[in-house]
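Asks: For the protein sequence lines, the chains are A and B, in the order given.
Using the working numbering, the first residue of the first sequence is number 64, and each one after it goes up by one.
Using the working numbering, the first residue of the second sequence is number 55, and each one after it goes up by one.
It cannot be assumed that every hint is accurate.
As the list claims (entries may be wrong) - What follows is a list of derived Cβ distance ranges for each label pair:
id	chain 1	residue 1	chain 2	residue 2	range
1	B	M248	A	E203	35 to 41 Å
2	B	I119	A	G192	32 to 38 Å
3	B	F77	A	A216	33 to 39 Å
4	A	G247	B	R104	51 to 57 Å
5	A	G163	B	G169	53 to 59 Å
6	B	K120	A	G163	33 to 39 Å
7	B	L58	A	S256	27 to 33 Å
8	A	G192	B	K61	49 to 55 Å
9	A	P206	B	G169	40 to 46 Å
Treat the hints as calculated values from the structure; they're not laboratory data.
Glycine is no exception: its CB is placed at the ideal position from the N, C-alpha and C atoms.
Next come the chains, spelled out residue by residue.
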Amino acid sequence: MNAPYFKFGYFGDEISLIVAFVIGIGFGFFLERAGFGSGRKLAAQFYLTDMTVFKVMFTAIVTAMVGLFWLSVFGIVDLSLVYVSQTYLVPQIVGGLILGVGFVIGGYCPGTSCVAAATGKYDGMIYLGGIVVGIFIFGEMFPLLENFYTSTAMGSVTLPELFGMSYGLLVFLVVLMALGGFAGAEWVEKKFSKGTSQ
Amino acid sequence: MKALFSKLSFNQKLAIVAGVLGFLAIFAGSPYTGNTATMNVKDLALLVEREADHVSVDELADWIIKGKADYRLIDLRSEKEFNEYHIPTAENIPVGSLTDAGLMRNEKIILYSEGGIHSAQAWFLLKANQYKAVYMVRDGLAEWKDRILFPSLAENASAEERVVFEKRKAISIFFGGSPQTGTGDTKATPQLAMPKLDMPASSAAPAGAAKKKKKEGC
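Work out the full structure: start from the sequences and follow the hints.
Replies: Next comes the structure, spelled out in C-alpha cells:
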C-alpha cells in the first residue's frame, strides 16, 4: 500500500473527513503540548525572548521534508501526488504580513487560537470570533479583491524547480539552514531574555 | 568516540541524524518516480470491471453548471473539430501530445473523444504513466449530443418520462442545445445546429483554475 492514501483511492470522501478529524485532534494536541495554547508564549517569539515557535515549526518542516524525501526515494510515497498549493507571489506576501500583524496583536495564529479556545481561554475564543468575522468580510469583498488575489500567478512551483537545483541538494541546504537556525535561536534567546526575569 | 556521542543531549543527537539524512539526500537522486514505474495490471483490470473510471454526461453537465473547477476536461479530438464545437470548459490536447502537455499526475483528468475508443486508449496511456485520477466521459461527445444538447421525447411518453424530460430540457437550454419534442423518429430533424461556442462557456466557468480550493492552513 502506497501513500498518499486518499489520492490512490484507498478511502473515499467520508473516511477522509474522519481521518482529517483525527489528524486535526493530533495537531491540536501537539500544539498544546508545545505550549502554543498560550498567547504569551506565542507573542514572546516576536519579542525574541522565547524562540519555541521558531524551533517547533522548523523541526516540523525538516522532519516532514526529510521524511517525505526518503519515503519517496524508497517508493513508499509518490511525491508527485502530494498537493502543492499554487503560488501567487505578491498577494501571498501581503497576506503573510497581514497574518503576521494579527499574530503579534492577537497572540495567536488560526490553528493555535483553536487550541486556546478548546482549553477554555477567553482570548482564544475572541480571536476565533475575529477569524470568523474576517472570513465573512473577505468573502463579501472577494469580487473587489479577486484581481489582486489571482495576480502574479506562478502555478505550483517548488524550490528545486525555481532554483534549478537537485532535490537532494535543496533538502540538505534546508537542513543546514534549520540547524544553523536552532543554534542562532538559542543564542538570541540567551541574549534577549537576560533583562527579563523568566 | 562513543563517550563523545553519549555526552550529547537528545536534541543534539536528533540534529545529527537530520544533518546526516540531509547530507545523504544530495546523493539519493530524484524522489519523483519517473516513467519507469511498473503498472499493476490486475489493479487496472479491476478498475475497468468496476467502471470506476467513467463519468456520465449527466454528471459532467451538472459539474459544469455548478462551476466545479477541481478537474481538467480534455478534448482528445483534432484542433479543427475542437474549434467547431467542444464541451464548455474543455481544453484541446490531441492524443499524440498527451503525455507532454503538462498535465499533472495529481490532477483529476476527464477525457472525452467523439465516441469512446480514443478516450479509452488515452486512459491507458495516462494510467501507465502513473496519472492517478483519470476518467472518461462515457460514450463521449456522441452521448453528450444525444442526452444533453438534443434530448428527445417520444410522443407516447409516460408522465414519468415527461417529468424527467423537463429537467433535461432546462439543462439542454443551458448548454445552448435544442430539446426535441413530438416526433420520436430522428429522420425529421436531420440537421441539428451545434450551439455557438461562446454561449455557455463564459457563464459556466467564471474563474477557471484560479478558484481551486485551498487545502492548507496554519
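Asks: For every hint, state whether the structure bears it out.
Replies: Taking the hints in turn, this is what the structure says about them:
| no. | hint | verdict |
| --- | --- | --- |
| 1 | B:M248 - A:E203: 35 to 41 Å | 40 Å, holds |
| 2 | B:I119 - A:G192: 32 to 38 Å | 36 Å, holds |
| 3 | B:F77 - A:A216: 33 to 39 Å | 35 Å, holds |
| 4 | A:G247 - B:R104: 51 to 57 Å | 55 Å, holds |
| 5 | A:G163 - B:G169: 53 to 59 Å | 55 Å, holds |
| 6 | B:K120 - A:G163: 33 to 39 Å | 36 Å, holds |
| 7 | B:L58 - A:S256: 27 to 33 Å | 30 Å, holds |
| 8 | A:G192 - B:K61: 49 to 55 Å | 50 Å, holds |
| 9 | A:P206 - B:G169: 40 to 46 Å | 41 Å, holds |
Of the numbered hints listed earlier, not one is contradicted by the structure.
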